[in-house]
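Undergrad: Each chain, letter by letter, is given below.
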Amino acid sequence: MHQNASSFLEKSEKKAGDLGHRQTINFNIGKYNTAVKAGKQQFADLTTARERAKNIKWRALDNLDKHLEEFEQNLTKRGGKVIWAENAQQALDEILAICKAKQCKSIVKSKSMATEEVHLNSFLAKHDIECVETDLGEYIQQLDGEPPYHIVTPAMHKSKEDVARLFAEKLGTPPDLTPQQLTLVAREKLRQKYLDAEIGITGANFIIADIGGVAVTENEGNARLSTAFPKTHIVLVGIEKMLPSINDLALFWPLLATYGTGQNVTVYNSIFSGPRQEGETDGPEEMYVILMDNGRTNILMDTEARESLYCIRCGSCLNACPVYKNIGGHSYGTTYSGPIGSVITPHLRGMESYIHLSYASSLCGNCTEVCPVRINIHELLLHNRHKAVEENYTSGGEKMSWFGWKQASLSRRMMNLVSGNVKNLFMKKFFAKAWGDDRELPVFASKSFNQLWKERRK
Amino acid sequence: MNVQLFIPCFVDQLFPETGFNMVKVLEKLGCTVNYNPNQTCCGQPAFNAGYWDEARSVANKFVKDFHTVDYIVAPSGSCTGFVRNYYGKLFDNSAAHNDVKMLRKHLYEFTEFLTDVLHVTDLGATLNGVATYHDACGALRECGIKDGPRSLLSKVKGLELKEMNDCEVCCGFGGTFAVKFEPISIGMGEQKVNNAVASGADYLISTDLSCLMHLDGYIRKHELNIKTMHIADVLASGW
Ligand code: SF4
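In order, the protein sequences belong to chains V and E. Quick note on numbering: the UniProt record's numbering labels position 244 of the first sequence as 244, and the sequence is numbered without any gaps. Quick note on numbering: the UniProt record's numbering labels position 202 of the second sequence as 202, and the sequence is numbered without any gaps.
Please note that a few of the clues may not be correct.
Stated by the list, open to error - Among chain E residues calculated to face chain V with C-beta under 8 Å, some are:
| no. | residue |
| --- | --- |
| 1 | GLY50 |
| 2 | VAL58 |
| 3 | ALA95 |
| 4 | TYR218 |
Claimed, not checked - The calculated DSS-like cross-link candidates involving lysine-lysine, where the alpha carbons are at most 30 Å apart (straight line), are:
| no. | chain 1 | residue 1 | chain 2 | residue 2 |
| --- | --- | --- | --- | --- |
| 5 | E | LYS227 | V | LYS447 |
| 6 | V | LYS399 | V | LYS387 |
| 7 | V | LYS31 | E | LYS162 |
| 8 | E | LYS28 | V | LYS454 |
| 9 | E | LYS146 | V | LYS40 |
| 10 | V | LYS54 | V | LYS31 |
| 11 | E | LYS24 | E | LYS89 |
| 12 | V | LYS447 | E | LYS64 |
| 13 | V | LYS14 | V | LYS428 |
| 14 | V | LYS102 | V | LYS189 |
| 15 | E | LYS105 | E | LYS162 |
| 16 | V | LYS37 | V | LYS100 |
| 17 | V | LYS14 | E | LYS180 |
| 18 | V | LYS126 | V | LYS193 |
| 19 | V | LYS387 | E | LYS227 |
| 20 | V | LYS399 | E | LYS89 |
| 21 | E | LYS221 | E | LYS162 |
| 22 | V | LYS14 | E | LYS221 |
| 23 | V | LYS423 | E | LYS64 |
| 24 | V | LYS433 | V | LYS14 |
| 25 | V | LYS14 | V | LYS40 |
| 26 | E | LYS24 | V | LYS454 |
| 27 | V | LYS447 | E | LYS221 |
| 28 | E | LYS180 | V | LYS423 |
| 29 | V | LYS189 | V | LYS126 |
| 30 | E | LYS105 | V | LYS454 |
| 31 | V | LYS31 | V | LYS11 |
| 32 | E | LYS162 | V | LYS37 |
| 33 | V | LYS126 | V | LYS102 |
FYI, nobody ran anything at the bench for these hints, they're computed from the structure. Where a beta carbon is used, it is the ideal one built from N, C-alpha and C, also for glycine.
With the hints as constraints, model all of the structure from the sequences given.
TA: What follows is the structure, given as structure tokens:
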């Protein structure tokens, strides 16, 4: 077993039995579910809206090459600079080069999974550059030295008491502050950081080809501050975040808001389409957009899996996933957790090291049911499993077992040969361990339906 | 009406009496029930494990065993859903295409057959106690079965139906998932059983014995006071 797989098993066993974790997550996702139900009311015809969104993403991804060039042309026209990064290292090197050119010592960053993907914070820290998270959830996670637990709500696994304790420990605040008071503390701490930072980094919820724009959606205003004060704005974004036209936002903004948090529309929605223009009074002097591949073209090449790139990172499938709810976001050991993470990570980071995630699903299909852009998530897990077999990532023992299974299933005579009692013995001997200590084994009937039918219906 | 039985492999091996209870109900409704004793499995286990060639061989046998113009009825939403929704992937562009199309049209999950084909909900069954219904994923999401079993159960004399929290959430069985990821499977099963117990039910009822087998294992181990029952066993009770 690959070490990632065994570490995944170990962590998930611990979390699945952690009743405190279960309670916090069920509570927080319960609140989310209620909000989403209300949010969906804004759509007169939700099914059509989702279908349309899927079609738009389909067009965007099937013509990605053209859209990316169009994006580059349009952004460049307004003075923005586009950088292409094939992998994480290139993205990091480019960011570091900009930092050096600007003699940057401190950075403010708004929430971005792409920067998590390349482990930007620890990389910059090694080069003595401080990079502060400005989204409250991310700020909490950074204080705690933990990666985000969830792609939309990074500190979902922490109760308000947990956060108060963390602030007390790390910032010396009284241990019983309310969420409002804690927010004020964070805001206070961050103000100075905005003023000090030479560079602001954001991700992007969407990149828009026809205007060469970057759309950022947030609830706290921190992305706006991160781009308003510093003289340089860097965007790190995966190439799949493409939308062909600014008009598409009319659908995608409310869709993302509703599925992400249950809002009708997120509080702050910004479109950045270049640095400060002549005659404008504010905005950064320079804007860089780093278009990152980092394995995404592997998915693009796989025509079945391609639709997993339609993902708008709303987090819905995580919240709907009973596996995620039991083992939590950190057990996956990946930037993107939950169902969509289990689909894309083996492609992004290697079948051998991450294919176990594609098996870690009961295939209940709830992810597919909730996905706003109708990605067939659970079928893509099956696709990955098939691919793993085709490309020889499964063990010889496993292959043998399925061969044996096939032979037995092709012949009724073989199935009838062995009596129920022998099967029970066999099961106790070879199966009991895997079935675990928490369940009694099922019992084979002494005669199968097949045998009984022949006897009773003679 | 002629009906062909499809008895999925684990029902055949572990729960034969449920198969006979299904027969009992169908015969009461005037069906002539036939059973092809050559049948084995629909191929789902191998398919879900990624072994599509092996799955295809067994599915091929299934298509041949069920080459019929009769209705085919199975006590499982999971197997029914698999044949309906995934045989297309296995037999894309193949000579079996038309047979598969016919098969998909004729195959019904047991409760679906009662409510949608025979249009019956009252079987004259009696069972005393409180019941809660678990929406098995295969039935709910692969076959779209939601209200049918509930209307069938609502007609059972003496039975009071109470919904549990999260009735649509997966129980955690998931085939090989149950053993490959045993702790996660147990965590999910535990939450399902807790919800069922909290509803005050004496019986935890579903369309799928795979879910129930896993949940029953947990219930027996922890000596809880709730009993799992397949809906065919419920509908065959008291007469
Ligand atoms: S796969 Fe779908 S549900 Fe999951 S995060 Fe992406 S868009 Fe949301």
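Undergrad: With reference to the structure, classify each hint as holding or not holding.
TA: To see whether the hints hold, each was checked on the structure:
Interface hint status for E/GLY50: upheld, as the beta-carbon distance to the closest one in chain V is roughly 3 Å, under 8 Å. For E/VAL58, the interface hint holds, the least distance from its beta-carbon to any beta-carbon of chain V being 5 Å, beneath 8 Å. With 8 Å as the threshold, the beta carbon of E/ALA95 stays out of range of chain V, its nearest partner Cβ sitting at about 19 Å, so the hint is violated. Hint status for E/TYR218: holds, given a least beta-carbon distance of 5 Å to chain V, under 8 Å.
The hinted pair formed by E/LYS227 and V/LYS447 meets the criterion: a straight-line CA distance of about 23 Å does not exceed 30 Å. For the proposed pair V/LYS399 and V/LYS387, the alpha carbon gap of about 14 Å is at most 30 Å, so the pair holds. Distance restraint check for V/LYS31 and E/LYS162: the Cα-Cα separation of roughly 23 Å lies within the 30 Å cut-off, and the hinted pair is therefore satisfied. Pair hint E/LYS28 plus V/LYS454 holds up; C-alpha atoms about 21 Å apart against a cutoff of 30 Å.
A threshold of 30 Å between alpha carbons decides the hint, and for E/LYS146 with V/LYS40 the separation of about 21 Å falls inside it, so the pair holds. For a cut-off of 30 Å, the pair hint linking V/LYS54 to V/LYS31 stands: about 27 Å separates their Cα positions. Distance check on the hinted pair: E/LYS24 and E/LYS89 sit about 35 Å apart at the alpha-carbon level, beyond 30 Å; violated. Annotation: proposed proximity of V/LYS447 to E/LYS64 holds, straight-line Cα distance about 25 Å (limit 30 Å).
Simply put, V/LYS14 and V/LYS428 have alpha-carbon atoms about 26 Å apart, close enough for the 30 Å limit, and the pair holds. For a cut-off of 30 Å, the pair hint linking V/LYS102 to V/LYS189 stands: about 24 Å separates their Cα positions. Under the criterion of a C-alpha separation no larger than 30 Å, the hint pairing E/LYS105 with E/LYS162 is inconsistent with the structure, at around 33 Å. With a C-alpha separation of about 48 Å, the suggested pair V/LYS37 and V/LYS100 falls outside the 30 Å cut-off, and the hint is violated.
Distance hint between V/LYS14 and E/LYS180 is fulfilled; the C-alpha atoms sit about 16 Å from each other, no more than 30 Å. In summary, the hint linking V/LYS126 to V/LYS193 is supported, as the alpha carbons are separated by about 19 Å, within the 30 Å threshold. Between V/LYS387 and E/LYS227 the alpha-carbon distance is near 40 Å, which puts this suggested pair outside the 30 Å criterion. With a CA separation close to 21 Å, the supplied pair V/LYS399 and E/LYS89 stays within the 30 Å bound.
Annotation: proposed proximity of E/LYS221 to E/LYS162 holds, straight-line Cα distance about 24 Å (limit 30 Å). Between V/LYS14 and E/LYS221, the direct Cα distance comes to roughly 20 Å. Compliance with the 30 Å bound is thereby established for this hinted pair. Taking the CA atoms of V/LYS423 and E/LYS64, the gap is near 28 Å; set against the 30 Å cutoff, the hint holds. Straight-line distance between C-alpha atoms of V/LYS433 and V/LYS14 comes to about 18 Å, which keeps the hinted pair within the 30 Å bound.
For the hint pairing V/LYS14 with V/LYS40, the CA-to-CA distance comes to about 35 Å; that exceeds 30 Å, so the pair is violated. This hinted pair checks out: E/LYS24 and V/LYS454 have alpha carbons roughly 16 Å apart, not beyond 30 Å. Between V/LYS447 and E/LYS221 the CA atoms are separated by roughly 25 Å; this keeps the pair inside 30 Å, and the hint holds. For the hint pairing E/LYS180 with V/LYS423, the CA-to-CA distance comes to about 20 Å; that is within 30 Å, so the pair holds.
This hinted pair checks out: V/LYS189 and V/LYS126 have alpha carbons roughly 23 Å apart, not beyond 30 Å. Of the pairs offered as hints, the one joining E/LYS105 and V/LYS454 holds, with about 28 Å between alpha carbons and a cut-off of 30 Å not exceeded. Straight-line distance between C-alpha atoms of V/LYS31 and V/LYS11 comes to about 26 Å, which keeps the hinted pair within the 30 Å bound. For the hint pairing E/LYS162 with V/LYS37, the CA-to-CA distance comes to about 23 Å; that is within 30 Å, so the pair holds.
For the proposed pair V/LYS126 and V/LYS102, the alpha carbon gap of about 17 Å is at most 30 Å, so the pair holds.
Of the hints listed earlier, those the structure fails to meet are numbers 3, 11, 15, 16, 19, 25, in rising order.
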